[in-house]
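This is what each chain is made of:
2 protein chains.
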Amino acid sequence: MALIVQKYGGTSVGTVERIQAVADKIKATRDQGHDVVVVVSAMSGETNRLLALAKAIDDQALPAELDVLVSTGEQVTIALLAIALEKIHCPAQSFTGSQVKILTDSAFTKARIENIEVVGLRQTLAAGKVAVVAGFQGVDDQGRITTLGRGGSDTTGVALAAALKADECQIYTDVDGVYTTDPRVVSSARRLSTITFEEMLEMASLGSKVLQIRSVEFAGKYGVPLRVLSSFTEGPGTLITLDQGDVMEKPVISGIAFNREEAKLVVRGVPDVPGAAYRILGPIGEANVEVDVIVQNVGLDKTTDFTFTVHRNEFNKALNILEQVAKDVGAREVLGDDHIAKVSLVGVGMRSHAGVASRMFEALAKDNINIQMISTSEIKISVIIDERYLELAVRSLHAAFDLDKA
Amino acid sequence: MALIVQKYGGTSVGTVERIQAVADKIKATRDQGHDVVVVVSAMSGETNRLLALAKAIDDQALPAELDVLVSTGEQVTIALLAIALEKIHCPAQSFTGSQVKILTDSAFTKARIENIEVVGLRQTLAAGKVAVVAGFQGVDDQGRITTLGRGGSDTTGVALAAALKADECQIYTDVDGVYTTDPRVVSSARRLSTITFEEMLEMASLGSKVLQIRSVEFAGKYGVPLRVLSSFTEGPGTLITLDQGDVMEKPVISGIAFNREEAKLVVRGVPDVPGAAYRILGPIGEANVEVDVIVQNVGLDKTTDFTFTVHRNEFNKALNILEQVAKDVGAREVLGDDHIAKVSLVGVGMRSHAGVASRMFEALAKDNINIQMISTSEIKISVIIDERYLELAVRSLHAAFDLDKA
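Just so you know, the protein sequences line up as chains A and B, in that order. With the first sequence counted from 1, adding 814 to any position gets you the working numbering. With the second sequence counted from 1, adding 814 to any position gets you the working numbering.
Wrong hints could be hidden among the right ones.
[To be verified] Just the calculated beta-carbon pair ranges, DEER-fashion:
1. B/E1192 to A/T829: 52 to 58 Å
2. B/G934 to A/K979: 34 to 40 Å
3. A/T829 to B/S920: 29 to 35 Å
[As the list claims (entries may be wrong)] Mimicking EDC-like on lysine to aspartate or glutamate, the simulated pairs with C-alpha atoms at most 20 Å apart in a straight line are:
4. B/K869 to A/D838
5. A/K869 to B/E831
6. B/K901 to A/D872
7. A/K901 to B/D873
8. A/K1180 to A/D1216
9. B/K943 to A/D872
10. A/K915 to B/D954
11. A/K841 to B/D872
12. A/K901 to B/D872
13. A/K943 to A/D838
14. B/K915 to A/D954
15. A/K943 to B/D872
Derived by calculation from the structure, the hints in this document are not laboratory data. Quick caveat: nothing in here was measured; it's all calculated off a predicted structure. Beta carbons: idealized from backbone N, C-alpha and C, even for Gly.
Assemble the whole structure, with the sequences as input and the hints as a guide.
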């Protein structure tokens, strides 16, 4: 008998019928002899409906009152799910974040969990009931309702699993696991049966939207085994673990992530003196523009070219800042390109394998894809290319690293 | 400076625009220098929408989970109203029943208030804020959410006013006060500026739906001055008080209530022996059928006719029970009539005036309206008549007792 935390997102509980289907899944887990704590989101669309009501009154509404408002979304779901469970003779009790209680700081609309009391949940489990917990919400030390921000229900699930020392935290979603790459781009993309937290974090940060990055960090930090499964189909999903097994036996690459939401900026002919990087990136940071990949090379004429990427939405803002900065630092010119894409190979296996980069570059060269920037970390290699070649690059790399083979 | 509790019902907060109008009314009260605690219901239609979701899953849903579900309705309203108040620079803070806290027993869906903690509300008022409280809900000693049942928001308003020793509890509704009778029946019906709790209780129990009877009882018990006003128009409304002033100067009759939701049952030729009434009404009570007016007369032949009224919805149920009962007690026959109406004169003034009954019967006789049953209390006289004559009777009595004159 294990203790399982299951988390169902908004789409999985989007209608009364789907809530009943979720109840069946939970009962099946109970019938296998496991204790179950369930975390649910608001029914899909509900949070936006509530926020629209608030916005109709004041688009600068008090965050504390917004939390009182939107936290009703999950409260509706826990009650309906508990009713659906009782209906099929699976005893259940609902808990709001406050009832659990999930103590957070007072950063309304983006609160962080500080502590979780598990006594009430353990009593509920001991009484043979399923505990149905509202995700995304908590309560501060003044008893005021808080929310964890968008995607916070995953975090609630993982945090509960950590606090309860659960055997597994299962995140039910509309995909049936983590894939070697996006199946819409590469039809032979394959579901991974396991992936490490490190790899999952890189995949998530690179645009693969299966899980909220914060919940993966949290699960990794507390060593909570995390499993991604589909609410709508049967299957084992993908298990995300600390255990890397024998790295030597690992495939070199676990997956390919990509992102077409970035833009590139180049400041050319920057006098190569100490502090140049700071004088260029300082004003960008002050304007709250986040920078992703940064590359700098020293040229022959005592000047350097300074290249970095930002989110495409902030391209024009960054370009305007740089025009002024270029004058200040005496740079020759500023260039920009908002038609780029980033493709990344991810895998803990590359730590012990040489030649991953050259194999990657070879595959791209064969297709005449020009590499504009390169950036590496211990378990990742990213290249920036013209966005027209994105799909081609992903398909070529998927084949070159044998990702379609189990 | 006074402390005012204001209660706004579901229609008054039915849209974002109406919530903003309510905020304006509250601010106007604040600007007069008063402290304000506001109690609100769910936006109209919301409670039914939520209950329909539950019913789609299980029409025998657990009461405790229904309370978790429907209590979200008021929680949405308190957040939106607090946002609307802050928008017009009227500082506000919302409170769920649990946050106040309004302690109730654990009779889910029909809980009773046991205690109200006022410390948090007083701190909020002392900080210059309006306290916006969710009506209809509370929390039991296990921290579980409860609701007070339909119409419970009025009760919350009155209970808060009593606990805070407020100067007045204002119930905002869609009518602008209590009338001498229903203005849809008598166009010259007049708004009363004051009415006593006793009279209001009789009016309410007789079908005048301005206030929930439980909240009037509560207000009377704790001596909370209660005022009924319109959310949509200006005006002083009707004040409901303990103070009866000088009864001698009071009008004989304050108002005329009526009810066409009853049905009459007659058991004829019941042997006139001790225990007959019990043997007839016992089975009715056991079947949870509520009985209103009861009349019994002893006849000449050692038998008696036993007549009473029940709600029209329970007419057939009661009739079936009586068919059997009549055999058991040896009664001659059972008759029924579900086309009756009850008309009642109400007024504390009748205590000191003789002849109210005869004046009433005279007025009805002039219009050839036959009286089927008569029932009296200290401040009320009710007659049962054929429902066809209801409007005529009310108009005649309204004129006969000069109710259209201030």
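Hints, verified against the model:
1. Checked against the hint of 52 to 58 Å, the C-beta distance between B/E1192 and A/T829 comes to roughly 56 Å, which is consistent with it.
2. Taking the beta carbon of each, B/G934 and A/K979 are about 35 Å apart, inside 34 to 40 Å as hinted.
3. Between A/T829 and B/S920 the CB atoms are about 31 Å apart, so this pair conforms to the stated range of 29 to 35 Å.
4. Pair hint B/K869 plus A/D838 holds up; C-alpha atoms about 18 Å apart against a cutoff of 20 Å.
5. Our distance criterion of 20 Å between C-alpha atoms is met by A/K869 and B/E831, whose separation comes to about 12 Å.
6. Annotation: proposed proximity of B/K901 to A/D872 holds, straight-line Cα distance about 6 Å (limit 20 Å).
7. Note on A/K901 and B/D873: the hinted pairing holds, with a Cα-Cα distance of about 9 Å set against a maximum of 20 Å.
8. Between A/K1180 and A/D1216 the alpha-carbon distance is near 16 Å, which keeps this suggested pair within the 20 Å criterion.
9. Proposed proximity of B/K943 and A/D872 is supported: the alpha carbons are some 18 Å apart, at most 20 Å.
10. Annotation: proposed proximity of A/K915 to B/D954 holds, straight-line Cα distance about 16 Å (limit 20 Å).
11. As the CA atoms of A/K841 and B/D872 are separated by approximately 17 Å, the hinted pair is consistent with the 20 Å bound.
12. At most 20 Å may separate the alpha-carbon atoms for a hinted pair to count; A/K901 and B/D872 meet this at roughly 6 Å.
13. This hinted pair checks out: A/K943 and A/D838 have alpha carbons roughly 15 Å apart, not beyond 20 Å.
14. Taken as a hint, the B/K915 and A/D954 pair is honoured in the structure, with Cα atoms around 16 Å apart against an allowance of 20 Å.
15. For the suggested pair A/K943 and B/D872, the alpha carbons sit about 18 Å apart, so the restraint of at most 20 Å is met.
Going through the hint list in order, the structure satisfies each hint without exception.
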